[in-house]
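Chemist: If you want the building blocks of each chain, they are given just below.
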Amino acid sequence: MKTSENPYIPYLATIENAWYETGGERCIKTFKVVIDDKEVRENWNHCPGQSAMIGVLGVGESMISISASPTEGRFLRFSVMRMGKVTQALHQLDPGDKMTIRGPYGNGFPLEEWEGKHILTIGGGIGQAPLRPIIEYVKAKQDLYAGLTMIYGARTSGDLCFKDEFTEMSKCDDLSCHLTIDIEEEGWEHNVGFVPQMLLDLNPSPENKIAITCGPPIMIRFVLENLKKLGFADEQIYTTLENRMKCGIGKCGRCNVGNLYVCKDGPVFCYSVLKNVPEAFA
Amino acid sequence: MDLEQLRKTAAEVVAKDDVKYLIGWKKGTYGYRVSPVFIENEADTEDLIFSPLCTANLVTYLTLVEKPPLPRGQKPDTRKVALMVKGCDSRAVAQILVEKGIEREQIIVIGCPCPGVIDVNLLVAKYPEVAENTELKWSGEDFVLIRGGEEIPVKREEVLAEKCRLCRYPNPVVSDIMIGEPVKPWQTEEDTGVSELEGKNVAERWEYWEEQFARCIRCYSCRNVCPLCYCEDCILDRLNPTWINRAVNFSENTAFHIARAFHLAGRCVECGECERVCPVKIPLGRLNRKLAREVRDNYGFEPGLDPDGKPFQASYKPDDPEDFIL
Amino acid sequence: MSAMLLNKDKWPEFVGKLSGKVWVPKVEEGEAIRFGPLSGEESKLPEYCNTRVPPKEIVFPETETLYCFQADEHEMTAPEIDERKIIIGIRPCDARAMKIVEKLFRWDVDDPYYLKHRELVTLVGLACNAPGLNCFCTSVGGGPASTEGLDIIMFDLEDRYLLETITEKGEALLKEVEGLLEEAGQDVLAQKEKLIEAAENKISRSVDTEGIAEGLPGLWEDPLWKRVSASCLGCGTCTYLCPTCHCFDIQDETEGFEARRYRTWDSCMFEEYTRHASGHNPRPTRRERTRNRINHKYSYYVDKFDLIACVGCGRCINYCPVNIDIVEILRQVKEAL
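Chains as they are written, first to last, in the numbering used here: chain H, 18 to 299; chain L, 617 to 942; chain W, 2 to 338.
Because the hints were derived from the structure by calculation, they are not lab data.
Please note that the accuracy of each hint is not assured.
Restricting the straight-line Cα-Cα distance to at most 30 angstroms, the calculated cross-link-like pairs of lysine-lysine (BS3-like) are [what the hints assert, rightly or not]: (1) LYS642/L - LYS335/W; (2) LYS104/W - LYS292/H; (3) LYS636/L - LYS227/W; (4) LYS27/W - LYS742/L; (5) LYS716/L - LYS335/W; (6) LYS906/L - LYS27/W.
Looking from chain H toward chain W, a few residues come up when the C-beta cut is under 7 angstroms (computed) [said to hold, decoys possible]: (7) TYR25; (8) ILE26; (9) LEU29; (10) ARG91; (11) ARG271; (12) ALA299.
Just so we're clear, the structure is a prediction, and the values are computed from it rather than from any experiment.
Using N, Cα and C, we set each Cβ at its ideal position, and we do this for glycine too.
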């Protein structure tokens with residue numbers, strides 16, 4: 018049976034390139050992968066915000082957000098934090114190795130709905146991974162959007178992902194890139210402080226904006242609070258949720274928050290929906 | 617047992633500021649069922665009962681306490697926990713104290729001398745259960761069943777739980793408050809369940825356990841109900857590395873049950889809970905009692921008798937038999 | 002659809018003639034624990050109210066290989082599912098459960114394993130003459146003679162069975178044993194109606210489900226959850242024995258060069274069920290887990306599929322080691338609304 022008939026059987030993909038974004042015990046490694054089967058590769062369609070089950074045969078699978086935008090080409094990118102059994106095995110993979118892929122899963126960001134608006138992304142740590150494809154997408158279709166503001170922070174400069182891309186970004190006129198780290202560091206030219214505070218300091222007007230935030234739960238909580246303070250309506254705020262997943266297709270039962278399955282109804286949720294789901298920020 | 621005395625004592629205990637709750641038994645929702653109850657205020661002590669239907673070992677709740685991360689600034693609740701124990705249950709308290717799994721000052725043990733509880737399956741077979749809540753009381757050597765205003769005498773040997781037939785410690789070995797008079801220990805029976813299996817050869821025994829373990833559905837009720845299965849990180853739940861695969865089949869099931877039996881060797885107090893709760897009726901008591909017998913016969917050791925004693929694995933004696941070493 | 006009579010004397014012949022593997026309740030340790038293939042020694046169905054392990058395991062095996070592969074290689078092969086099974090004696094609640102769970106396995110993406118098993122089974126139900134103490138099927142849309150999900154329903158009329166076909170599959174099955182059956186007359190059908198009525202009257206427990214699905218989310222922080230979960234041991238008995246519980250885990254297993262990825266029942270009552278790799282657990286205690294179990298059955302499933310994911314079989318009540326009783330929980334929910 019092929020994946021087309023059996024949603025549990027993954028595609029094979031080859032790692033074209035892999036590099037470390039950050040160091041430490043919970044380091045983050047990015048994989049650029051290409052699906053082996055030509056037909057599948059050419060028919061693969063994902064939108065920013067969607068995820069895929071990537072895995073290593075004999076070890077298992079993990080749901081990881083696709084951090085490449087479809088506008089970048091016929092390849093995928095995954096930024097994986099080393100955490101449990103599967104991500105440890107994934108970290109052992111090098112260019113030329115195979116990984117398995119099922120997907121794309123989930124709903125993705127409603128980027129077409131957002132056309133004409135100014136996009137504000139607010140990320141923290143590994144939370145930048147699902148935001149990266151939005152940034153790439155909007156960069157590729159600049160004339161469709163009113164602008165892009167990116168706020169991104171991490172504990173230290175070493176914990177920031179996609180660093181090389183920011184220097185390039187800051188050169189573009191329509192895009193503004195704001196970086197922050199929690200603790201003062203020698204040689205750091207950008208902001209020092211927590212992401213929610215930086216958001217307040219920048220004081221963006223909610224007019225014609227869409228704010229998307231991803232990061233650690235505690236950061237999300239304060240970012241949401243501050244977005245409300247700045248006058249953002251619930252409908253202007255989006256976030257993504259993550260939960261333990263096994264099947265990715267709404268069967269295995271574990272990823273629900275209230276009556277929503279993160280794998281199918283999410284991972285992207287508008288705050289106007291989420292605020293009524295009691296388990297959402299558990 | 618004098619229920620008035622029990623409830624009065626319980627009320628005094630829960631009234632204390634430094635007591636979080638008292639764990640006891642109350643009537644269940646139907647038929648012969650009895651359920652554990654957590655009593656926080658004096659008024660609710662009226663619900664407490666102690667009868668031959670109180671089979672559950674409440675000691676498991678001492679170590680089953682969940683410790684979710686507390687909100688910043690909130691201090692953990694360090695008040696004492698009071699609980700009711702039968703003789704067998706009290707041995708679990710003693711054993712956990714030996715292992716320093718709980719601190720003596722953190723618990724108040726209310727000892728209930730126990731003339732023996734029933735096996736609900738035997739009772740149901742003999743006196744079919746009705747929806748309406750039914751009482752069973754001790755009456756001399758035997759029991760009396762009270763339902764619909766009718767009193768039916770029930771012979772002890774017809775419904776007594778297997779663990780009680782083998783019981784040598786009907787009176788609590790650890791207690792702060794004792795309710796009622798100690799009961800006179802009775803003549804214990806031969807553990808035929810274990811002896812029968814010992815009489816079989818290896819192939820027959822393998823066949824026997826193969827049939828039993830193949831049936832296991834891995835619901836882990838035996839582990840969770842066990843007062844001495846309280847490792848914070850059980851090897852069964854570990855996936856990294858995976859010691860025992862989650863696949864349900866004879867091989868993994870056997871690994872699970874053998875691992876559990878060995879972890880309980882010299883620790884199991886023979887309260888019989890694992891066997892009572894098994895939804896597919898695996899006679900786990902036989903397995904654990906066999907290991908308990910080995911420990912008793914070879915090393916003269918019985919767990920859960922002396923709360924100040926040493927654990928079995930840490931109590932080497934120069935004359936311990938060593939013939940198991942090849 | 003036809004109504005036929007089978008004399009119990011002809012039972013061995015009846016099961017012998019059917020084309021497909023016949024599964025019946027099997028007695029172990031003196032009780033009907035679960036269904037199993039007919040061994041040929043059975044001259045009749047055993048006495049049972051219901052099996053302890055539900056027959057869901059026939060269409061949703063406790064452990065099922067998703068696909069096999071060789072260690073260090075990448076060729077994945079899914080096992081062929083091709084055995085036709087005839088389940089005789091399944092109770093109406095358990096058949097209804099399969100129909101309910103099928104909704105989920107068909108939702109959006111088809112689950113090929115479940116649907117294949119389901120397609121290959123013929124369900125020959127046995128109506129309940131004597132429902133158990135904790136049966137409450139009539140409160141949740143079923144009944145002792147509910148035909149939902151069944152292909153044939155049998156009624157035990159002491160010395161014979163009345164067999165009524167419900168689907169074409171059932172009709173085809175009866176064709177195979179035509180010679181053993183005789184047409185049922187009006188008197189038998191009247192007798193059947195009486196049996197059903199008598200059985201319904203024997204059901205003593207009930208749940209008033211009105212307003213529960215809509216009301217449950219509003220009780221999120223209600224003290225009742227702490228109360229009803231206080232004695233929970235966190236084992237999987239209630240969920241594993243539940244005919245509608247369908248959650249599973251996926252794991253890999255390697256033995257020598259042979260490896261496979263399989264799925265296996267999992268339980269929302271287990272601590273590690275929702276625990277993230279980081280250690281964070283969105284449902285940190287048994288309170289949240291119990292709340293999820295009840296909400297999933299009585300609210301989320303209703304929301305998604307317009308069906309309560311509980312058939313009132315009473316297993317979770319019968320076998321809970323500490324008398325956690327879903328009927329009582331729902332009574333408290335109702336009271337709190």
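Chemist: Does each hint fit the structure? Answer for all of them.
Modeler: How the hints compare with the structure:
no., hint, verdict
1, LYS642/L - LYS335/W, "holds, 23 angstroms"
2, LYS104/W - LYS292/H, "holds, 28 angstroms"
3, LYS636/L - LYS227/W, "holds, 15 angstroms"
4, LYS27/W - LYS742/L, "holds, 22 angstroms"
5, LYS716/L - LYS335/W, "violated, 43 angstroms"
6, LYS906/L - LYS27/W, "holds, 29 angstroms"
7, TYR25, "holds, 5 angstroms"
8, ILE26, "holds, 5 angstroms"
9, LEU29, "holds, 5 angstroms"
10, ARG91, "violated, 21 angstroms"
11, ARG271, "holds, 6 angstroms"
12, ALA299, "holds, 4 angstroms"
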